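Participant: Chains as they are written, first to last, in my numbering: chain A, 20 to 778; chain B, 20 to 778.
Hints listed in this document are in silico derivations from the structure and should not be mistaken for laboratory results. It is possible that some hints are incorrect.
Claimed, not checked - Straight line, CA to CA, 20 Å or less: simulated PhoX-like cross-link-like pairs of lysine-lysine:
1) B/K568 to B/K602
2) B/K774 to B/K657
3) A/K252 to B/K561
4) B/K260 to A/K49
5) B/K774 to B/K663
6) A/K165 to A/K183
7) A/K766 to A/K657
8) B/K431 to B/K421
9) A/K602 to B/K260
10) A/K602 to B/K431
11) A/K769 to A/K732
12) B/K49 to A/K260
13) B/K602 to A/K260
14) A/K774 to A/K657
15) B/K291 to B/K252
16) A/K561 to A/K602
17) B/K561 to A/K561
18) A/K252 to A/K291
19) B/K770 to B/K660
20) A/K597 to A/K568
21) B/K774 to B/K660
Said to hold, decoys possible - From the structure, some residues in chain B lie toward chain A, with a derived Cβ separation under 7 Å:
22) N229
23) P537
24) S619
Bear in mind the structure is a predicted one, so any value in this text is a computation, not a measurement. Here a beta-carbon is modelled for each residue, glycine too, at the ideal position from N, C-alpha and C.
Here is what each chain is made of, one letter per residue.
Protein chains: 2
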Amino acid sequence: MHQGFISVLVTAERYRVVGKSVPKIDGGLKVVGAARYVDDVELPNMLYAKILRSRYPHARILRINTEKAWRVPGVRAVVTGYDVQLGRMGILQDHPPLKTGKVRSVRDEVAAVAAETVEAAEEAVEAIEVEYEPLEGVFDPEEAMKPDAPLVHEENRSNIVDLKMRFSTSDSTHLNQVFEKAAAVVSDRYQVHYNNASPLGTMGVVAHYNNLGELTMYTNTQAPFLYRHELGKILGISPSKIRVIQPEIGGAFGRGMDVYPLDPIAAALSMKTRRPVKLVFTREEELQYAPPRQPAIIYMRTAADREGRLLAREARVILDAGAYVSWGPFDGRVMMATTTGLYTVPEVLFEATVVYTNNPYTGTQRGAGNPQITFAIEQQMDALAEELGMDPVEFRIINANKPNTVTPQGLKITTCELRECLRRAAEEIGWRGRGMAGPNRGIGFAAFFHVGGGARVYRSDGCGTVLSVDDFGLVTVITGSTDLGTGSDTAIAQIVAEELGISLEKVRVVNDDASIRPWDVGTHASRATFVAGNSALLAAKKAREILAKAAAEELQTPPENLVFENNTVYDVTNPAKKIEFDKLVRRIHFRQGGSNIVVSVYYDPPTEMQDENWMGNLSAAYVFGAQAALVEVDPETKWVKVLKIVSVHDSGRILNPAAAEGQVHGGVAMGLSYTLYEELVLEQGRVVNAALTDYLLPTALETPVIKTVFVEKPDPAGPFGAKGLGETGCIPTPAAIANAVYDATGKRVKKLPIKPESL
Amino acid sequence: MHQGFISVLVTAERYRVVGKSVPKIDGGLKVVGAARYVDDVELPNMLYAKILRSRYPHARILRINTEKAWRVPGVRAVVTGYDVQLGRMGILQDHPPLKTGKVRSVRDEVAAVAAETVEAAEEAVEAIEVEYEPLEGVFDPEEAMKPDAPLVHEENRSNIVDLKMRFSTSDSTHLNQVFEKAAAVVSDRYQVHYNNASPLGTMGVVAHYNNLGELTMYTNTQAPFLYRHELGKILGISPSKIRVIQPEIGGAFGRGMDVYPLDPIAAALSMKTRRPVKLVFTREEELQYAPPRQPAIIYMRTAADREGRLLAREARVILDAGAYVSWGPFDGRVMMATTTGLYTVPEVLFEATVVYTNNPYTGTQRGAGNPQITFAIEQQMDALAEELGMDPVEFRIINANKPNTVTPQGLKITTCELRECLRRAAEEIGWRGRGMAGPNRGIGFAAFFHVGGGARVYRSDGCGTVLSVDDFGLVTVITGSTDLGTGSDTAIAQIVAEELGISLEKVRVVNDDASIRPWDVGTHASRATFVAGNSALLAAKKAREILAKAAAEELQTPPENLVFENNTVYDVTNPAKKIEFDKLVRRIHFRQGGSNIVVSVYYDPPTEMQDENWMGNLSAAYVFGAQAALVEVDPETKWVKVLKIVSVHDSGRILNPAAAEGQVHGGVAMGLSYTLYEELVLEQGRVVNAALTDYLLPTALETPVIKTVFVEKPDPAGPFGAKGLGETGCIPTPAAIANAVYDATGKRVKKLPIKPESL
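My request is simple: use the sequences and hints to build the entire structure.
Facilitator: Structure (structure tokens):
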């Protein structure tokens, strides 16, 4: 339910386009149904592909016979790992797109077919005969760590993946001493589960390889440039020969960060047939085969002194990668940053162990490990406050991060309004103290900490912009950045319109073809508005300089007197001296020695890759906030109903309040859903509830009143002061609800989702 | 027949990519049939349009009844000028896309239909009932100039168009005195005819207007940016809302310079239906309705002194515009430049009168008036030489233009190898003097003079380039320029590859979408390689600077020591110090504070718009050359057979000899065809031979041996010394053949085409 939002402005500056609630610039196209997603791509002569997956979670492949599949009318290609040469996928290069020798999960791709119709492809896939020798599987990561566990990758001689993430401020002996001497300690085991990102648009690709050796991929990837690079390696062709086109993207939430087997498989089928090949998941396939959120087992303890100051925090996390390593296990990095950085904690230790099992391999999802670890951290904060007899809000405020501080890992916190966020959350939820929410009701709190100025996990975290102005004043911004549906293109347009003093409809954002647009690392880590926005702002400033120089000549006034506003440039000392924006552009272009206005910039945030000791300031800004949840627990059924969520955000200046509120609503709903509803139920590594009838997603009826508060302290590094916001809505929600459930019932839930049976 | 080419190099510099015969970079796509032309554009939900044209060359429209057309199944829209509001077209704004009140030619568009199929559209067009009151027409431009002639546009009170072009070096009295005192004078009336450009790809458009008010036009225009501007004015929408996409273009030859009625009509039908509408001419429609080459009646006299020095030239030209003014009459400007500028003539007068008739309106075509006027000029040169008893080649050499001179109109000739070209032509054809070619054979010569460094007929003659380098060393050149099929994209790629020392396959040229590419005035006047090439070269130099700075750091050497060659940058003083091009790019990108490489430039040639007195240096370079034709005239049938053409060109440095030779071959074939075969036969303003069975185009069998000679004197203003070449092959051919026919038969042919009956 929409309750509007509150903005707490910590600055006096106001703008004309920035900070206004404007409709998304791509909204019109979507509203009229004219937006085209990957499943809408129809190319002449197109084939349809289907994949045959393993019958067993762990087995040797003895024989594949595709003969009957070839005989199905309309079949144009059948491929297996035995007849196409594809490189391995992933950072660890542990993942062949088409499996040979053995299968390691029921998702494993054994063969694929391209046919004239979907039906023929389905029929052919079913006609493929595969003979397996089933092997014992391992589905519990703690079991998998045991020396006698069945090996998922025999050649490794262990299921423990060579991806240990460890950071500590001091040695174990010292840390143990801190815990022993502390006034209060809480220690527990938490467990978070698998869920599916469930974007409206399912995973899909249309691959088209032509006779000149050029491959065009229509894809809903989040990172077209890394995708192109990876795919080139897998296919053994130069990435320069791959054109990546992104139609409109119907949500992604982290699911589109990697190259997945369907991509090289579709490409291989197109290379065989020289025809376009479409491979788009059905909803059932999406639930079964799209990478789910990284599950985790978290052993955590936290210590505080008598005055309520945090002394130490320790987290040992086990991450089940599934059968191969995709982006999921890298959630450990975010877990580490939050373990070491949320609140001021002098002594910290974080350790993550990544384990292979015969489960589905995992991906990253909105928040990227942060909802998972915050579930543990913020329940411990709640328990510690109780143990110390302190108000949980007060306890958090005492320990809250402060501006201009550095976390143990070297993250440089500049702006930080966490204390104000906590106060606002308490005020808006009507907090009066523990047990005061009414019968069967409870209120819980949780704070969050996340990157808000990019995240340098690749050698460049930059984004390029090419900005041009046509002779009629239309500004085209070709950005490297991908809008996943979040409204980042609109934010970019607002930034450019503001800087050039033109109306929003005079700005067009283009980013569908990675062979044309400048480079960008991809849309993740809430970075689009910050990084692409800064890039667009730099470009607008560069164009403005050209325009100002010409306007100064034209109006015979020094450039510093010029104001760009209302599609006009005028002299602030004499507003009658003015020239329309579009006329100015034509004056610059249509004269001897004139020029069109096209500028190019590249913005790479001033950040550092983390070193081998996990030290380094990986983001140019950080975001903070707090949520309060009001819940009611039915005393009979133990059914948890969330009545209200207050979500308070320090994301710097809010560029488009309506869109920002939408992001928060979406985030909260996703967090709520993760906490109470969504769960991929696995049996022997197979999702047994792969349909929206069994896999619960909240409707509007399950979604509570959401009150959004923005504490708007402009960040000096952000475009017009903005920081990231895309993910944070969902980060504290599981913890806030769990704390509210505790307030209502006295029962701590350490395992997600929260179900009546655990109460 | 292919005889190879000769290159006469007037420079010692040699390059690695430039100057080499390389296949066209778009050749592969065309060879495998994967290139998509406008007729290949298929959009979901597309409609097909047909136009109803006037039954009479001149008539009042009394009544249009579209009722029956609406009843044809599948019809989705029927429009007439009475129910859609469209602005007028053309520089004189004399042309409504859909006619109301009256029709002025049989091409006049009266109504149009969009339907689910072409057949339904045809049926519906035939079902439209139009009642006319026929009016007396005028089809002869000299008749049309008479005061009592029927008026094509009554409101003008005259058929003489307000477009007089006149230039003279002195007053008529003085000029007449010069002619009177001259040792030799020739004076005559010449007449040149209508022909069709006959590109493989017919005129066509797919228009798609969407619910957001955005119009996409897939078109084979030559000038997408002017097209967008004009079309916006006609449709009454901002050009910024129009996206112009150019699929591959199957030739144009000047036919695509304007917006034509089919463009706004298709747009109007799409605006009515909100569906894509395709309107592509059949070959019959192309022959009937595409703008033909500008015909002309030329009254010319030339005078020389006893030593064979030209004294004066005077041309009075009548140009039949047809019913409306499109680009055709502007051929007068080129005729003027050649009349005043070809050979050194101290006294010149040129005057063109443009006249409305009820004939088809005219367009411009390869050479743009130059083949027409050269037909007169070079026959008079031949006749004058004879009158003076001089060798025609010697006579031409005496009068030939020289480098670093200025023509009476202020055209600044820099490089000029005309004398060498004439000598080579004589040598290669085996010239031994008049009447020495053998029985029934003759040899004729003609020289030419044309712009070769752009032609400033618009407020900017510029072209923008955006050049980017991907992380794998692929250079993408987004050019404003359109490749009409001539190979200009390949020339651009060669220029960039040369400058960056990379192989040609590492360069990709992109120019299909005018909403992305930088501005360019359009491809005409042989300007693409010169102007877009210079623009691309500037961009490559800018990128090279960035690369050199980084390489200098990397290799610890001063930038001036660096050589870019073989996809490597190395230190010329120590070639072991080197770095691969692609690796260098990654070094620049993937570091802290790194950047992608994307540069933007705009090149506008240093030229002048001509002033009201037709003075001004409109091109940055001029091209010269000469042709010699060897013909045989059957003494019985008088059929003229051209046995050999020697075509000698001073186009500066030749960037791609094979492609350049192809351009010359095409030009010569087109000139030959214009001279002997092609003729649109008009009866009462209607083309009566609108089919390739009746409209003669030469096949390989009719095409003579063509010997191409390039006199390669690099021009300092051109990219690597290149000047324009696209049009010149066809300019001197009619005159050369006519002079050869005279040498063979003693008969001067003053009217084109040369037919047996005129001999």
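Participant: For a C-alpha distance cap of 20 Å, please report whether B/K260 and A/K49 respect it.
Facilitator: Holds, at about 18 Å.
Participant: Below or equal to 20 Å on CA atoms is what counts here, so check B/K49 against A/K260.
Facilitator: Cα-Cα ~18 Å, so holds.
Participant: Given the hinted pair B/K568 and B/K602, is their Cα-Cα distance within 20 Å?
Facilitator: Holds - the C-alpha atoms of B/K602 and B/K568 are around 14 Å apart, at most 20 Å.
Participant: Starting from A/K165, check that the Cα of A/K183 is at most 20 Å away, please.
Facilitator: holds, 16 Å
Participant: Under the criterion that the straight-line Cα-Cα distance not exceed 20 Å, is the pair B/K291, B/K252 satisfied?
Facilitator: holds, 18 Å
Participant: Against the 20 Å threshold, does the CA-CA distance of B/K774 and B/K663 hold or violate the hint?
Facilitator: Given that 20 Å is the threshold and the Cα spacing comes to 19 Å, the pair holds.
Participant: Straight-line Cα separation of B/K561 and A/K561 no greater than 20 Å?
Facilitator: holds, 17 Å
Participant: Does A/K657 sit within 20 Å of A/K774, going by the straight-line distance between their CA atoms?
Facilitator: holds, 8 Å
Participant: Could you grab the alpha-carbon distance between B/K774 and B/K660 and see if it respects the 20 Å cut-off?
Facilitator: holds, 11 Å
Participant: Would the pair A/K602 and B/K260 pass a check requiring their Cα atoms to be no farther apart than 20 Å?
Facilitator: holds, 17 Å
Participant: Take the C-alpha atoms of A/K252 and A/K291, compute the straight-line distance between them, and say whether it is at most 20 Å.
Facilitator: holds, 18 Å
Participant: Can you confirm whether the C-alpha distance between B/K770 and B/K660 stays at or below 20 Å?
Facilitator: Roughly 17 Å between the alpha carbons, so the hint for B/K770 and B/K660 holds.
Hint violations for this structure: numbers 3, 10 and 11, all remaining hints satisfied.
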